[in-house]
Amino acid sequence: MSRRRTSFYTAATYAAGLLFLAIFVGPILWFIALAIRPAETAFTMPPSLSFEPNLDAFRHILVDPGTNAPQLANSLIVAIGAVLLNLPFSVPAAYALSRFKLRGKKNIMLWYLGLLMAPPIAFLIPYFILITRIGLQGSYFSMVLVLQTLTIPFSVWLMKSFIDEVPAELEEAARVDGARWYTIMWRITLPIVRPGIIVTSMFAFVFAWNNAAFPLVLSSRSTATLPIGTLGYFATSGVTWNYIAAAAVLAMIPPMIIFLVFDRYVVRGLTFGSVKG
Amino acid sequence: MPFTTVRSPHALGLGRKSFVRKNLPYLLIAPSVVMLLALIAYPLLFALRSSFYFWNLQIGPQPLAFVGVENYVQAFNAFDFRASLGNTLILSTMGTAIEFGLGLTIALILLKALPGMNVVRALLILPTTIAPIVVGFLFRYLYDPGGGLLVWVLQSLWLPVPAQGILGSPSTALAAILFVDIWQWTPFFAIVLYASLLAVPDEIIEAARLDRASPWTILFRIKLPLIKRTAIIIVMLRFMQIFNTFDTVLVLTRGGPGTSTRTLGYSLYEQGLVNFNIGLVSAMTWITVLIVNIIVALYVFVAFRHEEW
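Respectively, the protein sequence lines represent chains A and B.
Take the first sequence: its letters are residues 1 to 277, numbered as in the UniProt record's numbering.
Take the second sequence: its letters are residues 1 to 309, numbered as in the UniProt record's numbering.
If we strip away everything but chain A, and leave its shape as in the complex, we get (with noise of 0.2 Å):
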């Protein structure tokens, strides 16, 4: 290629990077605007960024909520409690199926994946109706554990990759000197994938954390989360379009910043793992 051609080349990649920016960070970025900007200036046309930014908006939703429940501590609840459930179910389980010669290893790891395709919606309604029967309705604890059917089939696969890059050598060692399973699982493995099970936890958080699903149906006005909250500002009369902004902005932060910050993990955790990068 002459260096006219690749220089082209090189001009046309950037302007390809800047567009994908524009199309799918953009928008992104408008909405942030929503939520600190004067109600008044959400619809002028064009559509201009030149108004006073305020915090108004999430003054009303993180300090003075009025009737509302506290949906932010809610969310927080409720993802944290989903990943504390979701460990010990998934962790063992992820571990046997990485270092045991199982007979129909495939068929349960297929389903666990065909877990994840279940029409959430559709298991609602008994939910619903056996939650309200066993008076737990609007408890943290029932959304905490219907999420489980999400978190800890997922969690299994990200986990087995994570255990299955473990060296068996260093096993190995430990079985010589004696250990057994329990103690080389507890003090050698475990430590050594201490990073899968961060990033693991990460991912059952963010999956907890953006369920809208389940909470719209087990949550109470007072364990409502955040999805859950910037719903509730649409529905009552006149769209309150900056509190649906600030709680949605609240409700997109902690994802992203975990997305960033586990960047080099990401690409394992949306393959459930089939990928090694």
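Each hint can be trusted.
Below, computed lysine-lysine pairings styled on DSSO-like, alpha-carbon distance capped at 30 Å:
hint: 1; chain 1: B; residue 1: LYS228; chain 2: A; residue 2: LYS101
hint: 2; chain 1: B; residue 1: LYS228; chain 2: B; residue 2: LYS112
hint: 3; chain 1: B; residue 1: LYS22; chain 2: A; residue 2: LYS101
Just so you know, these hints were derived from the structure itself, not from any lab.
Fair warning: this is a prediction, and the values are worked out from it, not measured in the lab.
Add chain B to chain A, keeping to what the hints say.
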């Protein structure tokens, strides 16, 4: 997978006799399987039983009458249910295909490793991190006929915008929903395909170049087959995710205008959680679960036939 080892319990230095030791791997998997079975078997069996009753929570707390397969017949004859099935299939096939194609294109551009492109790649993932319900609100704002940014962009490009708004016109509403899904998930395909293409060994590509293979041949005969397993999994997951869409529809159009943006997920939501028509929604649930399972089973059978685990 360089360090993977597969061992029998015996090789791990365990004795033969104890039941626990013999079945160790299964005992480690069991808690998660039991938990998941408990969480999904109850709703499915509950829905199966309810689907044979006339039961509406707005009329009474208990099932009113055994009606046999009447709910299934009613579901199939309901115009909106058939419309939702059609819309859902259009959304999921077109969405998955377009997102895969666009994502692959972006991945190939990102692979031209120029300085600064890694920043583009890192930021590109952001739409995928946002909750679907929040994405719904984001686009509701962008599509707003009274001053939405996207409407303004279209008008500035001299493109026609329906008088009732993009979401208010039956001819554009479904495309608008499809566009939202494409916006949120194309980056997902781009990043995942980019990373898996990055893992294709350079030597193989070099060898093909020496044999004068064209870039297209290299892409379709070498690169894509090597990332097949990842592609199979993400295509399947995305297809089913769109198939189950309801929260973006709930925020953007509530299935309207008419039945033009109704999806199976939204119909289930409306019959179950708005109309509380438990019997009918249970029948719809089982129809949906059966369709989903048939699609997944066919796909898995064809795609994973030659895969080893």
